[in-house]
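Asks: Each chain, written out:
Protein chains: 2
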Amino acid sequence: MKKIGVAILGLGTVGGGTYKILTSKKEKFINTFGTDVTVENVLEINDARIKQLNIDQSIVTKNIAEVVSNPAVDVVVEVIGGIEPAKTFIETALKHGKTVVSANKELIAKYWHEIEAVAKANDAGFYFEASCVGGVPVIRTLTESMQGNDILSIKGIINGTTNYILTKMSDEGLEFNDVLKDAQQKGYAEADPTADVDGFDAAYKLSILSSLAFNVKVPIEKVYREGIRNISKKDIEYGKEFGYELKLLAIGKRGENGIEARVHPTFIKQSHPLASVKESFNAVFITGDNVDDIMLYGKGAGDMPTASAIVSDILYSSGVAEHYYVPFVNDKNGNGVFNKDFSCKYYIRLTVKDKSGVLAQIAGVLGDNNVSIYQVIQKESLDGKAVIVVMTHTTFETAVKKAVEQLGGLKDVVEKVNALIRVE
Amino acid sequence: MKKIGVAILGLGTVGGGTYKILTSKKEKFINTFGTDVTVENVLEINDARIKQLNIDQSIVTKNIAEVVSNPAVDVVVEVIGGIEPAKTFIETALKHGKTVVSANKELIAKYWHEIEAVAKANDAGFYFEASCVGGVPVIRTLTESMQGNDILSIKGIINGTTNYILTKMSDEGLEFNDVLKDAQQKGYAEADPTADVDGFDAAYKLSILSSLAFNVKVPIEKVYREGIRNISKKDIEYGKEFGYELKLLAIGKRGENGIEARVHPTFIKQSHPLASVKESFNAVFITGDNVDDIMLYGKGAGDMPTASAIVSDILYSSGVAEHYYVPFVNDKNGNGVFNKDFSCKYYIRLTVKDKSGVLAQIAGVLGDNNVSIYQVIQKESLDGKAVIVVMTHTTFETAVKKAVEQLGGLKDVVEKVNALIRVE
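First to last, the sequence lines map onto chains A and B.
Sequential numbering from 435 applies to the first sequence in our numbering.
Sequential numbering from 435 applies to the second sequence in our numbering.
Be a bit skeptical, because a hint or two may be false.
Note that the list lumps identical chains together, so a pair holds whenever it fits in one copy or between two copies.
[Said to hold, decoys possible] Below, in silico cross-link-like pairs of lysine-lysine (DSS-like), each with a Cα-Cα straight-line distance of 30 angstroms or less:
| no. | residue 1 | residue 2 |
| --- | --- | --- |
| 1 | 554 | 602 |
| 2 | 836 | 436 |
| 3 | 703 | 667 |
| 4 | 774 | 462 |
| 5 | 766 | 789 |
| 6 | 836 | 529 |
| 7 | 819 | 554 |
| 8 | 462 | 554 |
| 9 | 850 | 529 |
| 10 | 462 | 813 |
| 11 | 774 | 787 |
| 12 | 544 | 789 |
| 13 | 615 | 602 |
Please keep in mind that the hints were generated in silico from the structure rather than gathered at the bench.
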């Protein structure tokens, strides 16, 4: 019988979930996979958690040296989160030839190259299905199911908190701040919601997923990032009239001018499968040149779904003939060809003085910047002011940004452009 | 550099697609996976196909003995379809220690046990991701991503032709026969549509998927099967009024009374992610006890998506430390515990004489059979006849079937019950 000894570093919700699955499914793993999986060590400084899970003190330690020198440990699960001590612990384990399974998206997005170098040098495995979209098998799909494809694009709703907020704003016509407050009270959003609502969490995941999809390490600094704080219910409402739903999308594309990776609020057609992904559910829509479109949908977070992904990595990693390292095609210095000046359609909302000639001025500025207009609609008119919505044809980001700045400077535009939202 | 020699048996659309991917992506596989994949043999009796794909005559053969005795061939791809000679060819290849990759759902559903026994005895691999739902990685998800779960249920739209027909019926208010004729003209349905519209194709796939999900070989004879020929646009219309969409669902469940596996037209809530799967797209909705709900969506058929799955099996199978055989828990004779008398909610439509007392008769028959009524609606009234729709609470299949038979015998019921549709 094959044996796998596991050490769990950190008994937070995901670590606890992993412990629960490994112990409750022990018999199943023996019967189904002929594999005896045993938790040999738990590293945790919080005694209350040890007690809560009723873990035998003999396997508990507060010292990483004890874990990595334990010959019974084959796989080290890192679910501490953050950069340190997680990074040091992971590298120490790899240096001892242990396979490491991690859910740490921030760490991987920032230090993948370093960690992988240590893994390679020690012929050790490094697996991280749980780092992206919880229990949804998006990494395994990219690496073990789409090999016969060049991936053309990835579009994902990969942050549950923001999708929950946008769903509430859309379905109930509420403003961002009100929904956020409610979500915080219900525990769906953190007290400090920055990582979620400003798109950091999604950007980490997109860095990982687009690196895997394109075999080009996409460093986190190359990911364009814009959160949902400035989204108004008005924009969601107007978008619907054009047939769009608003989502915080993470988009990775392989184009003629290089790889583009961006996280921003995005209007997508109501008929697109991603448009009906609601509440805190996640989904990733992947297009390959042979398989066409695939979508994977599920819970992107939560203790048990994420632990499910960790357990799948533990068993999967023990079944491979050789550990796999992503063959990044970046140059020696990590540089790849990235396209910062992406192109798409744009939704622009601005408030203007309600008088003749204003539309001509707007059209003039857009035209001067080669931004071609698809549609202009005057939405409201009150107190001598009018709300104008412009939908553009496909155009370049830099062109639109320049145009928006100039529009803000027009004397008949009240304040500045109210909203600039990308349309896919 | 790792080398994989491939033989393709059968150059139909999927075989041709596989050849195209393997030759066009040769460089990519070398650069990305460090693996040199070469098509060493093609077995095909139709010379036109060989010519069309511009295949070097030196690798073409019409003799399986030549393929299996070729030491350069590691993986044999069977894309002939049907039972013979596919079965003999596969078993011959396995006996020579070759890994076999197959897309043959009918063969696997009917002879999995036999083929797997040959594979095991010869330590040879047998892979069949392409047999179910084309390029959508549902098998890899079950085997390599959900190991930490007991699968509770699978619900799938796994036949593109019937989903196309039902979508047209639903969106355009057309009758089955008219849509079928149109689909046949457009090449979306076969001249003999039996395999699709009567649910055979979906039943084969469900046999495979539910066997994998539950580790219980679910023989094709244990799959309840009902097609969509008798679906009327009226039922789709009425279902919508209750908030339901009609789909041909393949359902596998692990329940207290054993495994149930069934393919039949099914009403599902319009808010369910499967309800918005339209046209010829497929989707499989899997529920695990830890990961909760996952849905995989994509093209369920077509030459390149299916070939994409075959290519993924070729590369995946060459990366495993040991071939995996499903540890079925059936007894020696292949028997498992199957639940034929499943339970769900039911939609019943019947036409009755429009006079007082009829509803009481219907309610009486249903009550006598322990079928509890959730709602009764009189939909139409014309020429002294009325159309009645009954929605039941959850009840047993045998009870409903008995009740429906008795209802048909009531003298105030015109002919017999017009429609009996399950509701999930």
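Asks: Would you mind marking each hint as holding or not holding in the structure?
Replies: Hints, one by one, checked against the model:
1. For the homomeric pair residue 554 and residue 602, neither the shortest alpha-carbon distance inside one copy (45 angstroms) nor that between copies (53 angstroms) is at most 30 angstroms.
2. Proximity of residue 836 to residue 436 under the C-alpha cut-off of 30 angstroms is found in neither arrangement, the shortest distances being 62 angstroms within a copy and 51 angstroms between copies.
3. With identical chains, the CA atoms of residue 703 and residue 667 are at most 30 angstroms apart both within one copy (17 angstroms) and between copies (28 angstroms).
4. Within a single copy, residue 774 and residue 462 get their C-alpha atoms only as close as 49 angstroms, which misses the 30 angstroms cut-off; across copies the closest is 26 angstroms, which meets it.
5. Taking identical chains as interchangeable, the C-alpha atoms of residue 766 and residue 789 are never at most 30 angstroms apart, the minima being 58 angstroms within one chain and 86 angstroms between chains.
6. In the homo-oligomer, the alpha carbons of residue 836 and residue 529 never lie at most 30 angstroms apart, since the shortest distance is 50 angstroms inside one protomer and 68 angstroms across protomers.
7. In the homo-oligomer, the alpha carbons of residue 819 and residue 554 never lie at most 30 angstroms apart, since the shortest distance is 63 angstroms inside one protomer and 77 angstroms across protomers.
8. In this assembly of identical chains, residue 462 and residue 554 lie within 30 angstroms of each other by CA distance solely across copies; the values are 21 angstroms between and 32 angstroms within a copy.
9. Taking the closest pair of Cα atoms, residue 850 and residue 529 never come within 30 angstroms of each other, the shortest separation being 55 angstroms inside a single copy and 74 angstroms across copies.
10. For the homomeric pair residue 462 and residue 813, neither the shortest alpha-carbon distance inside one copy (61 angstroms) nor that between copies (51 angstroms) is at most 30 angstroms.
11. In this homomeric assembly, residue 774 and residue 787 never come within 30 angstroms of each other (Cα to Cα): the closest approach is 34 angstroms inside a single copy and 71 angstroms across copies.
12. In this assembly of identical chains, residue 544 and residue 789 lie within 30 angstroms of each other by CA distance neither inside one copy nor across copies; the values are 51 angstroms within and 75 angstroms between.
13. Only within a single protomer do residue 615 and residue 602 lie at most 30 angstroms apart by alpha-carbon distance; the minimum there is 12 angstroms, versus 44 angstroms between protomers.
Hints 1, 2, 5, 6, 7, 9, 10, 11 and 12, counting from the list given before, are not met by this structure.
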